[in-house]
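Colleague: Each chain is listed here by its residues.
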Amino acid sequence: MKKRILKKDLAGKMPLLPNIMYMIIFFVIPMALLISYSFFVNKGYGRVEHTLTTENYINFFTNKYYIETFIASFIMAVIISILAILVSYPIAFYIVRYKGFKMKLASSLVMVPMLASSVVTCFGWYIMLGNTGIINSVLIGLHMIDEPVQLLYTRTGVYIVLLSGQLPYMITSIMNGIASIDENVEQAANTLGANPVKIFLTITLPLSIPGISAGMLLVFTGILSAYVVPIVIGGGKVNTLASLIVNQASTTLNWPKAAVMALILMVMSSVAMFLNNKLMESKRFGGGGR
Amino acid sequence: MRKRKEKRVPILLRIAVSLALIYILAPILVIIGSSFASVANLTFPPKGFSLRWYQEYFKDTGWLNATWISIKLAMIATACTVLLGSLSAYGIEKSKHRNMWLSFFTTPLTIPTIISGLALLQFYNFLEVERNFWAILSGHIVFVTPFVTRTMYTSFYRFNHSIEEASWVMGAGKVKTFLLIVLPAVKSGLMSSVFFAFITSFSNLTISIFLATGKNITLPIKIYTSASFDPTPVLSAISTIIIIITITVMMVMKHFGDHE
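Here the protein sequences line up with chains A and B, keeping their order. Residue 84 in the working numbering sits at position 84 of the first sequence, with consecutive numbering throughout. Residue 182 in the working numbering sits at position 182 of the second sequence, with consecutive numbering throughout.
Next comes chain A alone, as it looks inside the complex:
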């Protein structure tokens, strides 16, 4: 009898098997390898010696340039997450609450940059940000500036482009958050005499926090792994942890160093995810986190 149950259980697991095997070979083992590489000795040009050392970590944390880049990447991810909320909220609110053709159009248009490759939109920004690009032309045309402002190859330029690319993710997350609010609660507040501003601040906004939080997580990890924009728009002058990883892996071929940076990146995104999960689980939101 016991054997039969076991057999049935195994048969039920059969559909899971191919993916489990695939994940183990192409995800779990490579990740384990990545962790072990961070403790190997670098021999240059992509070669490593398989003896364990903590030198790679010490090198990273004692290198001023790496620490500065690490902090700059973190600050970038935080600032862009916050800016993204401010820009995305109105548009998400509009799409969810005002039905009709325009809203349908807006919600589709927002998705386009998310699905088209990030290199494509990045290239569009490259054209716009140049000294003769549309942004400078418009600003000069409006007599707001006399000389073109240098935007390409600056941190400001990188921020402008990164924020634009992350908005679709934030908008869709906040949309989910707002859509799950029971509008009857707002109606009730309205009937009881609260004004629209008060309703928004005390009901709509707090209840959409799960959506905002999920969006922040997406944007935060998205910015942490962004390297196309820092390289193309920053032109090598604005580095992030991710662009350093790509450099290490493609030019210097220092695997242990790349592995250390990748793991630091992973710790940062894991912490963000942990905080997000904690927020979702907290009683205030009824544990309905997704």
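Worth flagging that the hints you see were computed from the coordinates, not collected in a lab. There could be a bad hint or two in this list.
[Claimed, not checked] Okay, derived cross-link-like pairs now, BS3-like style, lysine-lysine, Cα gap no bigger than 27 Å in a straight line:
id, chain 1, residue 1, chain 2, residue 2
1, A, K13, B, K94
2, B, K187, B, K254
3, B, K254, A, K104
4, B, K96, A, K13
[Claimed, not checked] Estimated spans, in silico, between C-beta atoms of each pair:
id, chain 1, residue 1, chain 2, residue 2, range
5, B, N65, A, G44, 31 to 39 Å
6, B, H97, A, V78, 32 to 40 Å
7, B, I22, A, I82, 14 to 22 Å
Cβ coordinates follow ideal geometry from the N, Cα and C atoms, glycine included.
Use these hints to put chain B onto chain A, whose structure you have.
Modeller: Chain B only, in chain A's frame:
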């Protein structure tokens, strides 16, 4: 519900939404505009009108090769991920530990993509295997399958399982039931998985850049390298083509989604 349609949009909200939309869509519009320019320097608004950059794209074997590799990659990746993802989603739905399995299979989504790419690169390097087309494919499958698994899991979850059980009771085998009863019921989830998998793989740069070698340059990699080293309006032309493909696929996807 009917009343909502008549709700007036406050003017401030309208301005904020318009500005945000311009901010999001500006690069797309600029690319499309500049692809029709007749001069070689990249400016916007474009000077003149010509289709020469499109002609140049279709004449350049480098660009065409990259396009073909990306299409091939996306097609095979779609087939593999939809198969793997649907199977595991079906299995998860039947399992007692749904949450555990679902979080296991979607782990690649929770870590920055750049890390999975780097890990696979080191994996092939460690095995001393030459990285070829199939190596890139293996990375795409790792990255895309979780999306399919999640979408298909939702579809299976919504499906009324008493129909499936009825089919078993009536004597249809498990495989026959799956093919004739379950699969048609989750058709719309399957369709959106197919389109999403294709687009995600086709436009992927992060994984490909770690796994590609000179022989297997995908389209996003070629766009990325020429944008960093020698930006020309040919880039705008090919980007416009990609944007049009994306919008078309998206509309088809929406169409299937609406008929659910």
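Colleague: Are any of the numbered hints broken by this structure? If so, which, sorted upward?
Modeller: none
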